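There are 2 protein chains.
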Amino acid sequence: MKFTIQKDRLVESVQSVLKAVSSRTTIPILTGIKIEASTEGISLTGSDSDISIESFIPCIEEENENVTIHQAGSIVLQARFFSEIVRKLPMSIVEIEVQNQHETIIRSGKAEFSLNGLDASEYPLLPQLEEHHGFQIPTDLLKNMIRQTVFAVSTSETRPILTGVNWKIGNNELFCTATDSHRLAYRKAALELRDEESYNVVIPGKSLTELSKILDDSRELVDIVVTDTQVLFKTKNILFFSRLLDGTYPDTSRLIPQESNTDFIVNTKEFLQAIDRASLLAREGRNNVVKLSANPDKIVEISSNSPEIGKVIESVVSESFDGEELNISFSPKYMLDALKVLEGTEIHISFSGPMRPFLIRTPNDESIVQLILPVRTY
Amino acid sequence: MKFTIQKDRLVESVQSVLKAVSSRTTIPILTGIKIEASTEGISLTGSDSDISIESFIPCIEEENENVTIHQAGSIVLQARFFSEIVRKLPMSIVEIEVQNQHETIIRSGKAEFSLNGLDASEYPLLPQLEEHHGFQIPTDLLKNMIRQTVFAVSTSETRPILTGVNWKIGNNELFCTATDSHRLAYRKAALELRDEESYNVVIPGKSLTELSKILDDSRELVDIVVTDTQVLFKTKNILFFSRLLDGTYPDTSRLIPQESNTDFIVNTKEFLQAIDRASLLAREGRNNVVKLSANPDKIVEISSNSPEIGKVIESVVSESFDGEELNISFSPKYMLDALKVLEGTEIHISFSGPMRPFLIRTPNDESIVQLILPVRTY
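Here the protein sequences come in this chain order: A and B. For what it's worth, numbering that gives the first Met the number 0 labels the leading residue of the first sequence as 0, then goes sequentially. For what it's worth, numbering that gives the first Met the number 0 labels the leading residue of the second sequence as 0, then goes sequentially.
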């Protein structure tokens with residue numbers, strides 16, 4: 000294998016595939032990045048066996064020459080060293096050449112590295128998915144749907160299925176749901192499906208978080224291919240594979256209250272900042288809760304109390320109020336997480352009692368719902 | 000105590016004094032910030048008993064009203080909470096009021112915090128220094144002298160005196176020296192001393208690092224007062240006290256070679272980047288060293304070798320070379336630290352043999368010297 004390549008393109012691709020490489024793997028070859036040179040270009044692969052990322056650099060792209068292949072071939076290089084080395088190379092062109100015994104020479108200007116490579120034939124093969132099963136979604140919408148749900152997955156392995164986000168696809172709609180059983184985030188969007196396909200899968204939260212870091216904010220379509228055990232996200236030059244979680248996702252639809260006794264609308268930023276201030280003392284308290292009192296005078300009072308440190312009380316004027324007076328306590332972290340992903344200057348909160356889950360939404364927008372279970376303190 | 004204050008000024012002062020507050024102190028009241036309101040303004044104090052910082056906010060400054068005092072007094076508030084609270088307050092004006100039992104109310108807009116304060120009379124007093132002993136130095140020069148020496152102090156408590164920087168003041172000069180016994184940094188500057196004063200003190204490296212963070216890059220003069228056990232740095236609104244280290248600083252003058260056998264001048268940036276690349280493999284090696292070979296052909300070769308990972312070799316063309324061929328090994332970290340604080344596009348390195356300390360300087364600048372002890376590998 001021997002090729003020359005634009006350093007910037009190589010650095011960018013290495014950064015992408017590096018997101019799948021874990022230093023804590025039990026399979027030594029997975030601490031490396033696989034490099035393959037073919038007549039079309041260079042492909043780099045990183046994997047931790049849960050996530051695999053392949054980034055392709057075509058020889059010619061938009062009339063720019065990225066890569067010149069002198070000899071096809073492949074090698075696996077230690078990911079950590081290879082990524083640091085290419086980033087620090089002195090010139091804009093890099094030459095990479097495999098010599099005997101997998102010894103790999105990396106040249107740029109007057110710097111010459113020689114790294115001990117590994118045999119690429121020992122690197123695990125990526126899953127082969129049948130690409131006629133799948134659908135498309137714009138990159139920016141996909142990123143938003145991930146951001147608005149993935150924070151609510153469980154971080155505990157007690158119920159592994161809850162560490163993933165449930166994706167239900169059917170009837171030209173995509174429903175994403177995440178819950179850690181104390182709060183729930185729900186987002187839906189219209190899709191154009193190619194046929195009568197329907198899927199119900201659970202994608203690990205970690206995979207979606209890493210995917211999101213690689214995606215840009217363009218409107219370009221991402222191809223998504225779903226099988227029983229794997230999901231593949233395909234952009235122009237990147238293949239992102241993730242395994243799916245085994246098991247049945249709980250039915251969360253009955254958790255979402257259909258009626259409410261108390262509803263108010265407040266300015267998102269004012270309310271968020273008040274909760275943020277109250278959380279300063281809440282996290283020292285025994286329960287880590289803030290209290291909220293709302294009444295028909297349109298005053299929403301937020302308070303928190305930590306016997307050792309002190310207390311805080313603050314009021315926000317609601318823009319509208321309907322229903323009964325209410326006193327409720329909840330985790331300020333869950334509330335802040337939910338508020339941060341809702342768009343719009345106003346939010347609508349609907350309660351159906353001090354011990355019932357409550358809903359946080361953007362007024363007149365049914366596509367996203369955040370739900371929080373209160374904490375019993377009264 | 001009761002006053003109103005501009006939030007921005009309060010936040011800035013709290014950030015300054017917070018640098019002296021440690022959460023790991025064994026004296027509980029030192030986890031707090033002392034606030035004193037007098038007719039002139041507000042002073043805030045933080046201390047970990049090694050470093051004490053007092054920041055003063057005058058009522059009127061450049062015709063702006065910073066503070067309105069309603070009632071003089073003092074209180075100590077938990078530093079961590081107080082700093083986070085003031086940063087997050089909603090309005091640009093803050094009111095602080097001590098009520099009975101040290102309960103302190105912080106109001107801003109519709110937010111009201113109530114914190115449990117501590118009795119300010121239990122807070123340790125700052126040292127009283129006689130201010131007629133001392134000298135002055137421009138802020139930007141002081142910052143530079145700290146930056147160019149403090150990185151070389153020892154981080155090990157084996158010889159506590161080496162954790163500080165030696166300041167020798169006399170004959171209208173200030174000499175700063177730091178060494179961890181593997182490398183040494185030396186910087187001098189001309190001073191205008193008020194009389195025939197001379198001092199020889201050791202200031203903890205940590206104190207100088209924290210001081211440096213508080214200083215701006217202005218040319219305003221800093222007043223420095225030195226006693227047997229304390230040093231005080233005085234800017235317009237800040238008093239920064241540090242204790243001095245006990246003991247005698249070693250005589251380092253005999254360490255610095257007066258003659259050399261091999262001298263070369265190279266471009267600083269090229270040389271630094273070559274060392275940086277070589278260090279990528281060096282730190283995995285047994286010795287963590289890079290090798291340097293210089294010869295009369297003006298080629299400086301830098302190399303490093305880690306049997307498991309690979310090797311690197313690179314050459315830099317020197318701009319001038321005098322003396323004998325040389326092969327030497329050293330820690331790339333020490334070299335990078337030294338190169339980063341030297342100013343100018345070129346550096347001059349002088350060797351007096353493969354096992355003798357070598358000097359790194361800016362050509363034609365005697366004010367700053369960096370010295371590194373080589374590592375035996377040949």
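It should be emphasised that the hints constitute simulated quantities derived from the structure, not laboratory data. This structure is a prediction, so every number in the text was calculated from the model and none was measured. Worth double-checking, as some hints may not be accurate.
In this list, chains with the same sequence are indistinguishable; a pair is considered to hold if it fits within one copy or across any two.
[What the hints assert, rightly or not] Straight-line alpha carbon distances no greater than 16 Å define the calculated EDC-like cross-link-like pairs of lysine to aspartate or glutamate that follow:
1. Lys310 - Glu111
2. Lys310 - Glu83
3. Lys310 - Glu102
4. Lys235 - Glu318
5. Lys87 - Asp275
With 16 Å as the alpha-carbon cut-off, assign the pair Lys235 and Glu318 to within, between, both or neither. neither (46 Å within a copy, 47 Å between copies)
Is it within, between, both, or neither for Lys87 and Asp275, if the alpha carbons may be no more than 16 Å apart? between (41 Å within a copy, 8 Å between copies)
Given identical chains, is Lys310 near Glu83, meaning Cα to Cα at most 16 Å, within a copy, between copies, both, or neither? For Lys310 and Glu83, the Cα distance is within 16 Å only across copies (14 Å; inside one copy 49 Å).
Using 16 Å as the alpha carbon limit, work out where Lys310 and Glu111 are close: within a copy, between copies, both or neither. between (62 Å within a copy, 8 Å between copies)
With 16 Å as the alpha-carbon cut-off, assign the pair Lys310 and Glu102 to within, between, both or neither. Between copies only: 10 Å across, 65 Å inside.
Against the hints set out earlier in the document, a violation occurs for number 4 only.
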